[in-house]
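Engineer: Protein chains in written order, with UniProt numbering: chain A, 1 to 267; chain B, 1 to 267; chain C, 1 to 267; chain D, 1 to 267.
It cannot be assumed that every hint is accurate.
The calculated DSS-like cross-link candidates involving lysine-lysine, where the alpha carbons are at most 30 Å apart (straight line), are [claimed, not checked]:
no., chain 1, residue 1, chain 2, residue 2
1, B, Lys5, A, Lys208
2, D, Lys259, A, Lys245
3, A, Lys245, B, Lys178
Just so you know, the hints here were simulated from the structure itself, not pulled from any lab data. Since the structure is predicted, the reported quantities are computational estimates derived from the model, not experimental observations.
There are 4 protein chains.
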Amino acid sequence: MANSKYEYVKAFEQPDLLLPNTWIVVRIDGRGFHKFSNKYSFEKPNDRRALDLMNAAAKAVMTELPDIVIAYGISDEYSFVFHKSCALFERRSSKLVTTIVSTFTAYYVHLWASFFPETPLSAPLPSFDGRAVQYPSVQNLRDYMSWRQVDCHINNLYNTTFWALIQIGGLDAKSAEKELAGSLAADKNEILFSKFKINYNNEPEIYKKGSVVFRDIAQSKTQEENDRKRRAKARITVQHVDIIKDEFWERRPWLLSNKPGKIPKEP
Amino acid sequence: MANSKYEYVKAFEQPDLLLPNTWIVVRIDGRGFHKFSNKYSFEKPNDRRALDLMNAAAKAVMTELPDIVIAYGISDEYSFVFHKSCALFERRSSKLVTTIVSTFTAYYVHLWASFFPETPLSAPLPSFDGRAVQYPSVQNLRDYMSWRQVDCHINNLYNTTFWALIQIGGLDAKSAEKELAGSLAADKNEILFSKFKINYNNEPEIYKKGSVVFRDIAQSKTQEENDRKRRAKARITVQHVDIIKDEFWERRPWLLSNKPGKIPKEP
Amino acid sequence: MANSKYEYVKAFEQPDLLLPNTWIVVRIDGRGFHKFSNKYSFEKPNDRRALDLMNAAAKAVMTELPDIVIAYGISDEYSFVFHKSCALFERRSSKLVTTIVSTFTAYYVHLWASFFPETPLSAPLPSFDGRAVQYPSVQNLRDYMSWRQVDCHINNLYNTTFWALIQIGGLDAKSAEKELAGSLAADKNEILFSKFKINYNNEPEIYKKGSVVFRDIAQSKTQEENDRKRRAKARITVQHVDIIKDEFWERRPWLLSNKPGKIPKEP
Amino acid sequence: MANSKYEYVKAFEQPDLLLPNTWIVVRIDGRGFHKFSNKYSFEKPNDRRALDLMNAAAKAVMTELPDIVIAYGISDEYSFVFHKSCALFERRSSKLVTTIVSTFTAYYVHLWASFFPETPLSAPLPSFDGRAVQYPSVQNLRDYMSWRQVDCHINNLYNTTFWALIQIGGLDAKSAEKELAGSLAADKNEILFSKFKINYNNEPEIYKKGSVVFRDIAQSKTQEENDRKRRAKARITVQHVDIIKDEFWERRPWLLSNKPGKIPKEP
Chain A
1 MANSKYEYVK
11 AFEQPDLLLP
21 NTWIVVRIDG
31 RGFHKFSNKY
41 SFEKPNDRRA
51 LDLMNAAAKA
61 VMTELPDIVI
71 AYGISDEYSF
81 VFHKSCALFE
91 RRSSKLVTTI
101 VSTFTAYYVH
111 LWASFFPETP
121 LSAPLPSFDG
131 RAVQYPSVQN
141 LRDYMSWRQV
151 DCHINNLYNT
161 TFWALIQIGG
171 LDAKSAEKEL
181 AGSLAADKNE
191 ILFSKFKINY
201 NNEPEIYKKG
211 SVVFRDIAQS
221 KTQEENDRKR
231 RAKARITVQH
241 VDIIKDEFWE
251 RRPWLLSNKP
261 GKIPKEP
Chain B
1 MANSKYEYVK
11 AFEQPDLLLP
21 NTWIVVRIDG
31 RGFHKFSNKY
41 SFEKPNDRRA
51 LDLMNAAAKA
61 VMTELPDIVI
71 AYGISDEYSF
81 VFHKSCALFE
91 RRSSKLVTTI
101 VSTFTAYYVH
111 LWASFFPETP
121 LSAPLPSFDG
131 RAVQYPSVQN
141 LRDYMSWRQV
151 DCHINNLYNT
161 TFWALIQIGG
171 LDAKSAEKEL
181 AGSLAADKNE
191 ILFSKFKINY
201 NNEPEIYKKG
211 SVVFRDIAQS
221 KTQEENDRKR
231 RAKARITVQH
241 VDIIKDEFWE
251 RRPWLLSNKP
261 GKIPKEP
Chain C
1 MANSKYEYVK
11 AFEQPDLLLP
21 NTWIVVRIDG
31 RGFHKFSNKY
41 SFEKPNDRRA
51 LDLMNAAAKA
61 VMTELPDIVI
71 AYGISDEYSF
81 VFHKSCALFE
91 RRSSKLVTTI
101 VSTFTAYYVH
111 LWASFFPETP
121 LSAPLPSFDG
131 RAVQYPSVQN
141 LRDYMSWRQV
151 DCHINNLYNT
161 TFWALIQIGG
171 LDAKSAEKEL
181 AGSLAADKNE
191 ILFSKFKINY
201 NNEPEIYKKG
211 SVVFRDIAQS
221 KTQEENDRKR
231 RAKARITVQH
241 VDIIKDEFWE
251 RRPWLLSNKP
261 GKIPKEP
Chain D
1 MANSKYEYVK
11 AFEQPDLLLP
21 NTWIVVRIDG
31 RGFHKFSNKY
41 SFEKPNDRRA
51 LDLMNAAAKA
61 VMTELPDIVI
71 AYGISDEYSF
81 VFHKSCALFE
91 RRSSKLVTTI
101 VSTFTAYYVH
111 LWASFFPETP
121 LSAPLPSFDG
131 RAVQYPSVQN
141 LRDYMSWRQV
151 DCHINNLYNT
161 TFWALIQIGG
171 LDAKSAEKEL
181 AGSLAADKNE
191 ILFSKFKINY
201 NNEPEIYKKG
211 SVVFRDIAQS
221 KTQEENDRKR
231 RAKARITVQH
241 VDIIKDEFWE
251 RRPWLLSNKP
261 GKIPKEP
């Protein structure tokens, strides 16, 4: 039974190579996580265990894929950044995206019991979808990262106020929503402080800033190691810091240069 | 902190809609499963537990995604078929592929303990990559399915003989490979029978034919239910049968027509 | 001066192969032809010379590209159909589209003087843009063709009535537009007949039906010639006939089968 | 006759937007110009009239499409560059490529008689194909331009020597080819000089450097005009100069900045 008769079907596979010299961002999102978070009684507005599980899965992804230079997570989404010089899987979009989605999902499910020991998973299981986006310049990439972190801030300020109105203020969801309709950031800060004695600035950084995952390779010394090996071994750290201002990037030049100790250069 | 300044980065997301009226096949493959199967001491040439786990994950995917009409699995790969009329996720390629890959991975990891109770998973965890392929006609789709099933046969006959030479015949891998170099199907059948009294035809169907997963909706009666609901509730069956000949398809016209009881019509 | 240093830029060229086994339609449109038709005082509602020039250019395109099986033109647009089995230029989209657009433009400009001997072309010259669309089934392709021919009918009935109101009825453009706002086909027929004694059915077929260009190979005999050569030599005819009903296609089975004398088969 | 029944076919048109913030190069090539140049007895190795016609057509394209910032031509090919900020046609690839190909072809055919007054065009007419390529950085774009100019040099040195061997040296094509097989640039310079007293450096710049087409807007003054208008009115110049070294670009900062008088900034 020769297979040559059917092999023509391979010709229907179409190439999906991403453009060289562009920053590749793979963003994944939890599927139906609103429902999922209710099923497992996630704490509102933020469930620390759920965020820690997301971060643990993201660290595992970065450990298995040393080509990722930085990742950023908020709520049930995570963005993974491949350097513009990345040649992994010949830059095939499907391959890059599905590998990240699958690896992330595997660790999320596997590590669930460590973070939610009392509520075992049951069908339907958590899952994630994802897509790749290409950014030609460092400015575009940094604006993408800033976009996600500003979104984190806006959502968290809203959610913190919304749930304070419900959990402390005793409002129902509809009334809380109405109270906040059209409010500015200053208004929400004011509600939090005057009504609930909550100073938003004192909220945990992980909720206000999201989670930045990257390799801390300042201390690496042996210049003989090749970069990929070095990256694989470098300590991966999770921090909750500002990535909008220049300081974060200037103090960690290896993130954009993709070379330990090197300063990024454009164009 | 308004976000409008950064929102332009959304314009870099490029559409990836699949062509309407084409059959969509999403094929997923285990990443590095050769190494993985060694790590967990999979039985050779086939590990029944591993195949049953693949099938259980595939069934779960089909349960969560009623738009899938049929799936076919061999070894560490699985192909999922969406009907040409499928409108799920507006036919966005990334969304379709990542949802399947993620859901499959979630169940594979979650169900692992049921099939391998004595060997718990540890990092690096199993993961899968995937891609979508479009087939314009029923003939193309059936040829794709035939291609996979012929591949199953060719690989299984080779592996069965190869491992018999090693496990029963006492050869090492290199000698077994050499013995089989250039051999035809008839030669392998002959080696199996004359040397090891193995009649390949009597090997388990699951190894020879792979696994076909579909909804058995012949018995459905209530015509008022809408199709999607009906599909969701229909019993999903895993069978190890020939899908190359017409008979399989002619006896189950709802698979290609996407309507219970309806006969497919082309063009 | 070696070129190897710069050759990496070739890697930025991305493949654009169209899916196999789909009908390829390349539709081209005149750029800014409203203005263009005013500049050269095209007769309204239809300028026979302009349509004849379009048809002459389309015939030339089909002569130079024997892989085109049929073309259909109305006003300043033309659709060229490649058979689903077409392998020209490896089915590269850019190559197919630009070759048609360029060849069409070349003949349009070159033949202009034959159709408009008294009004020589001057800058800005006429030009056309184009795109390729893939249709998986014969039904989709025929619906595309029907779509264009129904459009021809709708536009021509409107334009015929609109210009009768202006040219015979003495209305200005605004009043004519107002008169026709919300009118049905029957209303326009009635206006034409009662006000201007024009029976729309007696209007020239070329205006009502558009132009269908194809090879008339019913008479071909020598079975030894290969198909491409045969196609290249076959007489190309321009007709103004109905392509919505089955009759046109059933009487010319070679158009869909892509083989002289063969009946098309699907799937 | 309503058209709604068929309008679904529009859904088969797939978007082809180019990535924002990338330099777009549209390169067009003469189709079958080897044969074409023989048919019209082009002079070898270079036909000045043919190059002047190419340049005239390129100038016309740039006049009609002010979004093009620079173009570069050699032999029967031309590359047109849109600035990375270009938003013309929403950056739709087909639209950009076909508009350039069609406009170029129109002028090539229309202007033919001015450059070849004694040899009127006849079918098959000259035509061009084209494709778009995206370059993320100024460096990539400049390397593309350098690649084409180095190619011009390599081809012209070869052709000059090859045709000298034939036209002056009396060799036939095969012998000339053999003579040059494996030769380096220095060898060809030596052959030209020692055998034919030709100093390659003294060859016309248009043959050695190709043709660079751009707007000379150093003199523009009225700052109130908007850029597009200004570009449309600026004098388009054709020069035969080095575009590999920095000097060309540094002296004309408006080419990369896309703003008269502005210096380009990256990233």
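Engineer: Of the numbered hints stated earlier in the document, which are not met by this structure?
Structural biologist: 3
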